[in-house]
Amino acid sequence: MPLDRYELIDDQADLQSALDWLADLDPIGIDVERADWNRYYRAAALVQIGGDGRVAMLDPLRLEDWSPVAAFCAEREVVLHALENDVAPMQALGVDPPVVHDTAIAAALLGMPTGLETLLSEVLGVALESDKAAMQRADWEKRPLTEEMLVYAAGDVADLPRLWAVLRDKLVEADRWDWYVEELAATIDQPTVEDRRDWTRTKGVGRLDPRARARAKALWEAREDLAKDTDTAPGRIVNDKTLVDLAQKPPKAVRELGRRGVRRQAVRTFGEDIVTALEQGANADPVPAERNGRRSTDADRELADQLRVIRAEVAEEVGLDAGLLCPSRHLLKAVVADPQTPAEFREALGLRDWQWRLLADPFLDALFEPAEDD
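Residue numbers for the sequence shown follow our numbering, so the first one is 1 and each next one is one higher.
I should point out that these hints are in silico values taken from the structure, not numbers from a laboratory. Predicted model, so just to flag it, every value in this text is computed and none were measured. From the three backbone atoms N, C-alpha and C, an ideal C-beta is built for every residue, glycine too. Careful: at least some of the hints might be erroneous.
Derived lysine-lysine pairs resembling DSS-like cross-links, with alpha carbons at most 30 Å apart [what the hints assert, rightly or not]: (1) K241 - K203; (2) K132 - K170; (3) K333 - K203; (4) K252 - K203; (5) K132 - K142; (6) K142 - K203; (7) K333 - K241; (8) K241 - K228; (9) K249 - K228; (10) K228 - K252; (11) K203 - K249; (12) K228 - K203; (13) K241 - K252.
The following label-pair restraints were derived from C-beta to C-beta distances [to be verified]: (14) E316 - G261: 42 to 48 Å; (15) P342 - S121: 56 to 62 Å; (16) L367 - A134: 25 to 31 Å.
Starting from the given sequences, assemble the full structure and let the hints guide the process.
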């Protein structure tokens with residue numbers, strides 16, 4: 001149903017009555033507006049909770065005790081859209097719902113668009129009238145929030161439980177519920193964005209010589225520690241491009257950093273730490289580039305291309321995005337791993353049960369094609 005009523009709750013005394021207003025809803029929809037572009041950790045600037053056209057918008061900048069929200073969510077199924085964006089900020093507030101569902105995952109497994117605005121329009125005929133691009137650029141920590149911002153935020157939640165009900169039924173009808181359960185569990189279990197960070201993924205470090213790689217590693221690790229300690233986005237301390245440049249041609253003094261691409265405020269706050277890290281890296285053992293397995297051959301690339309075609313054909317048959325069925329980056333990597341058994345091949349591909357069931361036969365036929373008789 002269209003958005004009927006929404007309330008901004010920024011006084012602790014009003015929180016329980018707002019939750020009582022929503023007590024008849026199960027499942028309950030939740031969305032989080034974040035304002036953490038300059039921070040290391042994901043942080044909520046507004047938490048919207050509701051359904052059935054009713055939304056309470058809870059202000060994390062004003063509310064200190066979130067235990068009533070945690071208790072409220074513990075008794076209900078919680079529906080999110082792209083939960084990986086919302087779970088960590090909620091956990092930081094002490095809200096960790098035991099049962100969650102994700103409409104984005106469900107839509108992807110049904111071969112439907114995953115954008116919430118499009119889904120609401122196509123599935124429920126609900127049109128969100130706010131300027132999405134403007135709202136994504138908005139400063140959600142600035143107070144007071146405008147009426148346009150409140151309407152936009154409420155619209156993301158007002159029909160979320162109803163959308164989930166339709167998608168859930170479609171998953172069951174399409175015999176894809178098991179797929180959804182696997183994908184949901186994998187998404188919930190994946191490491192946080194912070195835990196997935198690794199210095200070797202920094203663009204440009206692969207072309208550095210071993211000594212420069214040692215300096216890059218030391219600077220990356222120091223930047224990570226500083227970012228965590230001060231809750232500052234790593235790129236606000238020194239961006240990746242500048243980090244690689246500094247590792248390749250280290251400065252001799254802090255005063256050089258500004259000319260090398262480090263922000264003026266970062267030079268004042270972190271300059272000494274940056275130079276010290278580079279000096280420590282210079283005294284560390286060289287770090288040669290890691291090579292995972294052997295180099296690929298023309299035959300490997302030809303086989304990976306063959307698998308890519310097979311994957312595309314299967315994906316078209318079941319109406320899914322090919323990347324969801326098996327990410328492209330895994331194909332050549334799996335071939336180069338030289339799997340000797342189907343189990344080894346599946347492990348190299350990193351496929352879940354539902355993906356392997358769809359791809360196993362055609363993939364194995366391609367990989368273990370019998371040799372022609374002499």
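Check: Which hints from the list above does the structure break, by number from lowest to highest?
Finding: 6, 15 and 16
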